[in-house]
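Participant: Those protein sequences? They're chains A and B, same order as listed. First residue of the first sequence: 219, per our numbering; consecutive thereafter. First residue of the second sequence: 219, per our numbering; consecutive thereafter.
A hint or two may mislead.
Which copy? The list can't say, so a pair holds if one copy fits it or any two copies do.
As the list claims (entries may be wrong) - The list that follows gives simulated cross-link-like pairs (lysine-lysine, DSSO-like), each with its CA atoms no further than 30 Å apart:
no. : residue 1 : residue 2
1   : 237       : 395
2   : 373       : 440
3   : 237       : 440
4   : 237       : 373
5   : 395       : 440
It should be emphasised that the hints constitute simulated quantities derived from the structure, not laboratory data. Small disclaimer: the values here were computed from a predicted structure and weren't measured.
Number of protein chains: 2
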Amino acid sequence: MLTSPSQPHTPSSERVTVKRLAARGVYDPEEIHGILDAGFICHVAFAVEGQPRVLPTAYVRVGDEVYLHGSPSNQMLRSLVASPEACVCVTHVDGLVLARSAFHHSINYRSVVLFGPAREVDDTERKLAALHALTNRIIPGRWNEVRTPNEAELKGTLVIAIRIAEASAKVRNAPPKDDEEDYALPVWAGVVPLSVVAAQPVRDPRLPPDIPQPAHVTAYLKNHEP
Amino acid sequence: MLTSPSQPHTPSSERVTVKRLAARGVYDPEEIHGILDAGFICHVAFAVEGQPRVLPTAYVRVGDEVYLHGSPSNQMLRSLVASPEACVCVTHVDGLVLARSAFHHSINYRSVVLFGPAREVDDTERKLAALHALTNRIIPGRWNEVRTPNEAELKGTLVIAIRIAEASAKVRNAPPKDDEEDYALPVWAGVVPLSVVAAQPVRDPRLPPDIPQPAHVTAYLKNHEP
């Protein structure tokens with residue numbers, strides 16, 4: 219459905235125009251936000267002495283911004299804030315696409331690449347709001363039941379906001395597509411769906427036995443069962 | 219186990235030395251290879267007009283090299299071959315670490331960052347071997363049952379090899395670690411394990427009903443069941 223050929227949205231620039239397999243390009247902000255909101259680990263490109271590097275980190279989207287956080291001395295975060303622009307990628311792997319020919323094997327996936335300027339969030343209320351949003355994005359309801367950050371912890375956390383100035387998504391969500399003559403081959407073809415699921419929680423060894431599993435954890439398990 | 223403080227291996231340079239939470243750094247090549255071999259989607263950093271970018275792509279490790287492939291006009295692959303060095307990251311998310319304080323929430327994960335020079339693989343036999351390795355890494359036994367690439371397909375596929383010149387892994391695999399005074403709080407704490415699982419395959423709509431699900435697909439499902 220995301221690969222509708224009658225896509226009404228168009229890319230905002232050349233660099234966010236999907237070039238390889240252009241029909242997989244998605245430029246609808248709502249669909250892009252949906253893909254971002256389905257995850258919490260992104261990969262961030264940054265430069266150290268001119269050389270590109272990539273690292274994973276947690277993120278949350280709020281409005282047209284993506285928030286990252288870490289230690290105040292985090293090299294990646296410092297580099298992003300000092301650069302004119304950040305580049306962030308989010309990828310979900312949805313299935314193995316097994317075609318009749320090796321060449322047409324593929325992956326079903328949803329990915330977003332976004333570009334935009336990064337700034338440090340130094341306002342305490344906004345830092346708290348970003349961490350609140352991140353925690354409750356990863357596991358809804360969690361923030362409300364834990365000890366919230368104190369002043370020292372907030373001072374010890376660097377939060378940055380990346381404005382989503384430009385973004386595009388690339389989506390494949392379809393059966394194999396083989397060369398016409400290969401459909402006659404006696405080779406099994408199809409899609410093996412993949413998803414991320416939760417297993418039963420492992421209680422902290424130091425948790426008193428009389429503290430029951432809270433409703434927000436039970437709800438999370440329900441939403442991530444196989 | 220991977221975060222053993224008596225780690226006998228040391229980082230080969232400053233840039234592959236894990237700085238944030240240094241105890242999570244892993245420099246044992248076998249453990250690094252194990253993390254690489256547990257996945258098939260990596261994120262690659264590259265530069266376009268000096269600006270860092272990141273994109274996802276499939277990979278396979280063979281020996282001390284990582285192979286990527288794509289269209290001969292793929293901008294990312296061309297950029298890597300033209301650069302002195304590539305940077306590739308592989309990340310597995312293994313669980314949500316739910317602490318008593320918001321500040322100590324974390325993720326259990328295994329990630330590798332590697333650096334090395336990239337070269338085009340233009341020898342036909344080596345290209346075939348790389349694609350063979352990739353296909354059978356993603357789903358063991360698949361290559362042997364499909365139509366292998368013909369000359370035109372091989373010409374239409376750019377394969378690059380990145381030598382793993384330097385690499386490090388970062389691993390967290392532990393219960394929450396709270397501030398000592400927070401252990402008295404009546405807050406549930408523990409780890410919610412996450413994993414990637416396969417669902418029942420969706421047969422290609424054009425697959426004749428008399429072609430049964432092959433043993434390699436059944437074995438894959440067995441190895442990726444919830």
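Participant: Next, verify each hint and record whether it holds.
Facilitator: Now the hints, each set against the structure:
1. 237 x 395: within (19 Å within a copy, 45 Å between copies)
2. 373 x 440: Neither. Shortest intra-copy (36 Å) and inter-copy (48 Å) distances fail the 30 Å Cα cut-off.
3. 237 x 440: neither (39 Å within a copy, 37 Å between copies)
4. 237 x 373: between (43 Å within a copy, 19 Å between copies)
5. 395 x 440: between (34 Å within a copy, 26 Å between copies)
Of the numbered hints listed earlier, those contradicted by the structure are 2, 3.
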